[in-house]
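> Sequence:
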Amino acid sequence: MELRRITQKIVLLSFYDDMLRKIVKTRQRSISIVQTNQNPWIMSQKEAEKKFRNQPKSVMDIVRSYANNSTSHGLPKVVRSKTYLASAFWITVCLATVSLFTWQSVGLLRKYKSYPKSVRLEVANQPVVFPAISICNLRPIDVYTFGDVVYHENETFRWSVGEDYDYTGRGESTVSTFERMMIDYGNKYSSYYTYSEIFAQNAKDSNFLWEADRNLFSRMTLAANLNSTAAQQGGIRKEEFIASCEYHGLKCNSSDFSWFLDPAFFNCYTLNISQSGGTILEGPENGLSVILFNPTMSIMNYSNYAASGLAMYNELTLGGEGIRLVIHSINTVPYPLTEGIDIPRGVSANIGIRVQQNERLGPPHGNCTKQDNLRGSSYSYTMASCKKACLQDIVIDRCSCADVSLPFVVKDSIKFCASFDEIPLDCRGKQTIHANYKKCKAYFSKWFERVECMRSTRSNVSQNLSAWQSCECLPPCTNSDYSSYYSLADWPIQETSKTLIDDILKKKNFLKHFPEEKRQKYFSQFLEDPIKISAYKEFIQEKNFLRLNVFISDTTVVKITETDDYNFIQLVSDLGGQLGLWIGVSVVTLMEIIELIYAIFRHIFFKKTKIVNSNVIQVVAKENITNGNNDQKF
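For the record, in the sequence shown the residue sitting at position 235 is 234 according to numbering that gives the first Met the number 0, with numbers rising by one throughout.
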């Protein structure tokens, strides 16, 4: 029994001993795990001292460390040199290469900031958009209408100006707006011309009379004294002007032509051909063919009359017989006086067209505008239209009147410079002007001053570059230019005159567009049946018709494109090449420089924080060691 108790106690003691051993081992294992987990975050005092002992003490230490480890070629040589002579040599080399790099880089930057451009010329075979065709009669007033006015008004339009004509006795209803304004114009012209003669005699200035004659007798003075209604009435009607029209062998007619008023030629007409994709065929058979009726003054037997505004021989492009032709881009304003070519009567004109497409660069590489339409208009923008509108603004600003030859938006407060003023009763006629010379001089001189202001302004502005620069008229960024050449041949010849008359007058019934009086006057010899051979001969001699053949002569389009010659990507590439050539620097080296800047910045602004963190780590490390010892004792 006693033995049994002893045995039980021994077993219990063994059990407790095993339990204590297991508890001690488990505690030691947990302490080891805790220490192992704390090692990445808490270091010993020796480790902390070693780490902060290796930290750079100054900015020079950071720079020296960068130089020793940099991928650039020069700086490591300076730092690693064993002698002062070697260091001086490599410092000199580095300064020289940096200077050369700077010099080359400045040149590259200047080149980039000059925004150079290159012009690329390309020849492409593609469909060509057929241009707009505008035609005007060189004789602005209809022959029959002018003859009728001359017949009724007798001396009013003769060179030797007589007394004022009073049309009221004929009855108001029989006088058209054109006729009324022409009569008023003739009467006023008579008074102004008489004054200029008297003034020239009194002032003994023959040059003034020459200038006055040129200004008074000009086409623009006539246009300035007629409104658009009168000019349209007196001009050539398109139904009586366009006898036949074909495009690509298909019929077109006068209704396809739109009317516009030109101050020099009055009624003009434009054909804008509707096209889906342009034409790809050359030659007259694939273009436009128009036959125009262009009668001479001799048909009315009034060739010995010279009306003011119509017979000035030295008005450059005016005073001829035939038509004025303008070839221009679709939906742009035509300017027959400055852009047109003359085609005489009695010829067949073959006009070949070539196309050039321009694509220009805008700022900063070039100067062009993307403006679509003209100011206050549905027409497409052109540089010529912009310059003319700007010149008109300058004339109005300086002279308080408008130039009739330039585009003008009608305003009640602004009139044309060459428009005559109403003449007082005591300044009409030679005797009254003599009797009231001082008063009349003050009155008439206003018109001459306005005209002189207009002429001098145009002359000065045309030679003043700064004035044009203020207009800011730039070429369009994208446009097409049409160049042309033409050849002429007498037409029609005797063999073809009969078929021409039969086709135009009979089959196409061109005569129906003329009033009865005009038909009898123009075509009396062809109204007989049968027509006599002598009529055809007379028809050929008078040359009252002409033919236009306008066609694309070459569908090869010349494209002129402006491109930037030195862009930003090329600049970066060249700068990189200069860096590699002179300094041996790459993108990796640039990253090292960024790292250097960051290290210096961190050293300067976080130095105090590093010291505080070092102290904290040392304290934590000491506490960790103490706690570990206490755990082991347990």
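Calculated from the structure, these hints are not laboratory results.
A virtual CB, placed ideally from N, CA and C, is assigned to each residue, including glycine.
Don't take every hint at face value.
DEER-style ranges, computed between Cβ atoms [to be verified]:
1) Leu260 - Pro474: 23 to 29 Å
2) Pro474 - Val587: 43 to 49 Å
3) Val586 - Asn463: 51 to 57 Å
4) Ser205 - Leu260: 34 to 40 Å
5) Phe207 - Ser412: 43 to 49 Å
6) Asn463 - Asp502: 40 to 46 Å
> Determine for every hint whether it applies to the structure shown.
Results of checking the hints against the structure:
One distance hint, 23 to 29 Å for the beta-carbon pair leucine 260 and proline 474, holds here, with the actual separation near 27 Å. Checked against the hint of 43 to 49 Å, the pair proline 474 and valine 587 passes, with Cβ atoms roughly 48 Å apart. Separation of valine 586 from asparagine 463 is about 54 Å and conforms to the stated range, judged on CB atoms against 51 to 57 Å. About 36 Å separates the C-beta atoms of serine 205 and leucine 260, a value consistent with the hinted range of 34 to 40 Å.
For the hinted restraint 43 to 49 Å between phenylalanine 207 and serine 412, the CB-CB distance of approximately 30 Å leaves it violated. Taking 40 to 46 Å as the suggested C-beta distance range, the pair asparagine 463 and aspartate 502 does not conform, at roughly 55 Å.
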